[in-house]
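S.K.: For the protein sequence lines, the chains are A and B, in the order given. Here the first sequence is numbered in the numbering used here, starting from 1 and rising by one per residue. Here the second sequence is numbered in the numbering used here, starting from 1 and rising by one per residue.
Read the hints as simulated data drawn from the structure, not as lab findings. These numbers were taken from a predicted model, which means no experiment stands behind them. The C-beta atom is built at its ideal place from N, Cα and C for all residues, glycine as well. Keep in mind that a hint or two might mislead.
What the hints assert, rightly or not - In silico DSS-like cross-links for lysine-lysine, where the CA-CA straight-line distance does not exceed 25 Å:
| # | chain 1 | residue 1 | chain 2 | residue 2 |
| --- | --- | --- | --- | --- |
| 1 | A | Lys51 | B | Lys376 |
| 2 | A | Lys51 | A | Lys13 |
| 3 | A | Lys148 | A | Lys51 |
| 4 | A | Lys51 | B | Lys397 |
| 5 | B | Lys393 | A | Lys51 |
| 6 | B | Lys376 | B | Lys49 |
| 7 | A | Lys13 | A | Lys242 |
| 8 | B | Lys49 | B | Lys80 |
| 9 | A | Lys148 | B | Lys125 |
| 10 | A | Lys148 | A | Lys124 |
| 11 | B | Lys376 | B | Lys397 |
| 12 | B | Lys393 | B | Lys376 |
To be verified - Cβ pair distances, simulated, as ranges:
| # | chain 1 | residue 1 | chain 2 | residue 2 | range |
| --- | --- | --- | --- | --- | --- |
| 13 | B | Asp316 | A | Glu68 | 43 to 51 Å |
| 14 | A | Asp65 | B | Ile355 | 47 to 55 Å |
| 15 | A | Val114 | B | Asp418 | 14 to 22 Å |
| 16 | B | Gly375 | A | Glu183 | 35 to 43 Å |
| 17 | A | Ile135 | B | Gln126 | 48 to 56 Å |
| 18 | B | Arg46 | A | Gly107 | 52 to 60 Å |
| 19 | A | Gly26 | B | Lys376 | 41 to 49 Å |
| 20 | B | Ser160 | A | Ser144 | 33 to 41 Å |
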Amino acid sequence: MVISDLRVSVEGKEIVRGFNLEVKGGEVHAIMGPNGTGKSTLASALMGHPKYEVTGGKVTLDGQDLLEMSVDERARAGIFLAMQYPAEVPGVSNANFIRTALNSRRGEGDEVPVLKFHRSLQAKMKQLNIDPQFIDRYLNEGFSGGEKKRNEILQMAMLEPRISILDEIDSGLDIDALRIVAENANSLRSSERGFLIITHYQRLLQYIKPDFVHVMMQGRIVKSGGYELAEALEAQGYDWLKDELGIEDESALAEV
Amino acid sequence: MALSDSTMVNAPLLLSQIAEQYDEPSWLRARREAAWDKFVSMPIPRIEKTNLDNRSFDIVDARAVPLRAENQTARELVGKIPNIPCVYVRDGNVESSAVPADLAAKGVIYCSLHEAAQSHADLVKQYLGTVVADEDTKWHALSSALWQGGAFLYVPRNVSVDEPFLFLHSQSSTSGAYPRVLVVGEEGSSFSVMEVVLEEQEESTSVHSQVVEVIGNPASRITYAFFSHSRKGATHFVTRRALVRQDARVEFIGANVGDAFTVELVENRLAGAGSSASTNVIGVGHGRERMDLTASMVHEGHHSESNILLYGVLTDRANSLFRSSTHIKEGAVAAGSEQSDRMLVLDSRARADAIPMLLIDENDVERCGHAASVGKLDPNHIYYLMARGIPEKRARKMIVWGYLEPTLARLPLMPVRDLAEAIIDEVLV
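Chain B extracted, bound-state conformation (with noise of 0.2 Å):
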């Protein structure tokens, strides 16, 4: 669809009003207003299986302001969690950021992505836009021109962070949403993340484009985690990707929950030498949720080990195409990949399609391996449940919990997996 005047009016407004606000370094402007002119001018991408003809790119409500009252189980999530390292955006404004002391006198460097284009412009402008580039599609480029409130994330050379870094994302007014989050891991860095972003308003018709790029350098372990819940009407795009250098780790765990229209993916590129990377995402869909996810291993490294483990669980009509793909390019000798990809379908009106996808360009592969299944819930687990007593009713709920459970323990801050637990299941009721 083509974008609508008030559009093409209103967005480059919010563009400068944003820019001026934060009093953005001209580099900083000029990279916005490149990157909305590519976005106006790129076509809608055609991906397989996912229709994106009658999908709304218009931007609406050109100043995003709180319409609402604040989203209480996001100030509920920060006040149980005080003395978590947090940045914590409202409808794309900064309402908190907090980094205890000690952290800070590590180096360490957490605050809104505002914030670090003015304190820290060397490094966001070394290392923005260089893993997700505005020209790879058009929700890339929207998110280069108009993000807000998003978070900068650097941990020094060898500094080990035990307590996650917290980014919560509460969206409660109908204007489109653009966090941005870029992580820096320094050579032997480790540490994790936790990626909170909750969506309130129904029926909202913009569009939203998140990007997160993840920069592992050298030896350096990094556990992203996310966790989201999204809401029926918006088209959301989101994208997270990862550079993965010489021997670093890379750990994609997340949980997605809602009846939205989403197109995800999840990428790492192991670009180092014995570099290694694991994607582990739940996808929980009600509604008339559309997802469609790709989670993708690119292998350019030597020795580079990468694994895919993708959950489904759809209910209602709810329709997701969970996609997992790994590329193995020339010179990346002996490189080992595993997918696999298991989806549960628990209503006859739901649909869901696994898809592996392997490409590999190199002769010399360690293993390459996939598994996909599409089904309903095992009949001889329901029995087996029973014959000991367990109601039908509470034995299919501990299997379908049973998918979920495994990855949902490894989200790493208890008050985030309380809350995915209660929203999923509110859901599956």
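If we strip away everything but chain A, and leave its shape as in the complex, we get (with noise of 0.2 Å):
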């Protein structure tokens, strides 16, 4: 995944503004920074959120132009979001729309049979610690911040994507369940796949450990370095590089 230059208003508000980067598979990129700088706003815009309005730039997958694309043709394409807020959706059963999804991906004709599909779903819960009772239960309807978490994690297991990126996976996770979340995660990498974590911490990336991570102020990428920039980040905290930089303020409104 190549982005190039994109711009992203809310509302008519610039808030991502101009950011550049690329993803190849089996790499692992960590998008890291303080609230309101743009990272939730990069994420759902390259979802295709409709209330996120791509006003400037490119975003390409295997070559092809993301932007072009509805929401489930991204999807299909292989990009996959782990929302930080995932929607309730009563009445439909989790085992159902997991099923859906995965058929929609693979197309008519193609679609997994039943009992495969089922073995498949059962094994991968397991692995997240998720309560068998899960599959039928409504889509995330009632269920705990980790809950809804480890579902966004057991989508991404079944679905498969090119491109998966995690949006403040760990917030709302005790220790426990981060570990997990990781764990599962880090098992989906592979040279097929890249990943785009966004994350406030550094906790996280001490469990999924990133080949990348950068710092996004003002709504574009300001620092780019190894593993060790996020840790130099928990060390010292975001006001060093802010000096470092001359940012005085870091958020995505601010005026540049």
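The two chains are supplied separately, each in an independent frame; assemble them into the complex guided by the hints.
M.R.: Next up, the structure:
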């Protein structure tokens, strides 16, 4: 996936302001940064949320123009966004939802056999330590914050995307749940799959070691490095970096 | 609108024909005649937001005979459930009536109301018209005057029946339909009823009146489920009311689909202490459907509990009004009640109104909650499903089905559930 000079506005305000990044198969990129610097907006815009208006730039996945695609087309092309606040959809069972999603991706005539699907779903739920009853429960309805996050990872495991974007998957997770989620995300690392991990904290990155760490401020990447950059931020906070870069207001809405 | 001359001549004739055909006892015939007089003299009621001034109360086709070939859907449904106690009525005529021998041996009575008026006259006389009185409203009087082909169910004390009792009414002629159902659950009995009303004919100008009376004697457990598919043209009046006595529980679970003009009341009178009731109804309206649905709970007994759950889905130019009404009368100490009314408008030309009503005469009430919402599909739900690769159209459909599924899943007969799903699927395309 190649993102070049991406600009995204929400309700007329530009939040992502010239974002550049290339994520190749097998790579894990972490995007860090304080609140309000445009990280989640970037994630939602890549997925195509209708509230986020792309005003400039280009995004391609395997050479295809991602921005031309509808939300479902992007998903079928291999983009997966583990959401910060997944919707609760009453009356739609988790299993039905995941199977429909999987079959939409595989296409007509190549639907996964029902038994095979359930075996695979059950195995993955076990890995994620998800209660088997969740199969028939309605999509995220009444799930705790941690259960929702695990359900996002379950979907990712079932759909096997090309690019996985994890938007603050660590928020609302206790340390054990974080470990389980991270282990499962790690097990999905492959040369075929790129990761974009959005987080405030270095904690998650201890479990999913990124190849690249980028810091986002004022709606763009202001510094890139390896894992040591995440460690430096954890030890010294963002103020150190702001001082170094001469940034006073890091927010996406800051005047530049 | 005034009744036509032909109605004034033909309807009393129909009344005598029915009474003669079924050799009805004189008390029943006298009731029919008294009810007819009430029907003629009673005014057309005023219903807030639903105008009945232009609805015809005329009785079309004074003798109900099946005009067309049998409704295949109805026949297939009967064929799919051979071992279920069933009363099948076609255009007011009793097509078949069966109750398995083991149930009959336990004293369970299930037959057409005509048959019951002969074979169990004492029970019919004791209960008929006690829950839904002729005087309540013009169409209740109409039902008492002209009912045809209804069902009578009696479950004796402490008898539990697992399989549901099916009442199937299929209307293929253009004449008015007046199904009447009387259900008596004796103390400690437990059972369920599945009512199916299928209307095949469009553009009838007749008036239909259906009345269902359920008597839940102390500590009985009764589930009364219904599925109705009604068509445009006629005016439909439907009243299902239960008397819920001490420690009894009555649940109404229903699905209405169609493009008809309907005024429907589902009511529980929680007369006994510790009685409880729930009403869970979905309505799917299409075309120019006009539905005025009231789900009502009347609390009289102390520690009585009720729950109303309504879901509406409106498409095309359908226009539905769902009222949920709870009346806690003085003396219904520590009563508890919840209402939830959610309506989904799928087309910009469709309309939905949700009106919660609470009338509380008692100071000591345990809880009384209500929630009502009218809106479109939640764009965040659609986005979430699409973000997993599900195309928009499919995603919308899944969310709508998510609204309806939990209620449909509670219908006690699988073939009825399948039928309801197939009809709704056709309507929502």
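S.K.: So, for every hint listed, does it hold in this structure?
M.R.: Checked hints:
no.: 1; hint: A/Lys51 with B/Lys376; in the structure: 17 Å, holds
no.: 2; hint: A/Lys51 with A/Lys13; in the structure: 12 Å, holds
no.: 3; hint: A/Lys148 with A/Lys51; in the structure: 22 Å, holds
no.: 4; hint: A/Lys51 with B/Lys397; in the structure: 22 Å, holds
no.: 5; hint: B/Lys393 with A/Lys51; in the structure: 19 Å, holds
no.: 6; hint: B/Lys376 with B/Lys49; in the structure: 22 Å, holds
no.: 7; hint: A/Lys13 with A/Lys242; in the structure: 23 Å, holds
no.: 8; hint: B/Lys49 with B/Lys80; in the structure: 41 Å, violated
no.: 9; hint: A/Lys148 with B/Lys125; in the structure: 58 Å, violated
no.: 10; hint: A/Lys148 with A/Lys124; in the structure: 15 Å, holds
no.: 11; hint: B/Lys376 with B/Lys397; in the structure: 13 Å, holds
no.: 12; hint: B/Lys393 with B/Lys376; in the structure: 15 Å, holds
no.: 13; hint: B/Asp316 with A/Glu68: 43 to 51 Å; in the structure: 33 Å, violated
no.: 14; hint: A/Asp65 with B/Ile355: 47 to 55 Å; in the structure: 50 Å, holds
no.: 15; hint: A/Val114 with B/Asp418: 14 to 22 Å; in the structure: 18 Å, holds
no.: 16; hint: B/Gly375 with A/Glu183: 35 to 43 Å; in the structure: 40 Å, holds
no.: 17; hint: A/Ile135 with B/Gln126: 48 to 56 Å; in the structure: 50 Å, holds
no.: 18; hint: B/Arg46 with A/Gly107: 52 to 60 Å; in the structure: 57 Å, holds
no.: 19; hint: A/Gly26 with B/Lys376: 41 to 49 Å; in the structure: 43 Å, holds
no.: 20; hint: B/Ser160 with A/Ser144: 33 to 41 Å; in the structure: 39 Å, holds
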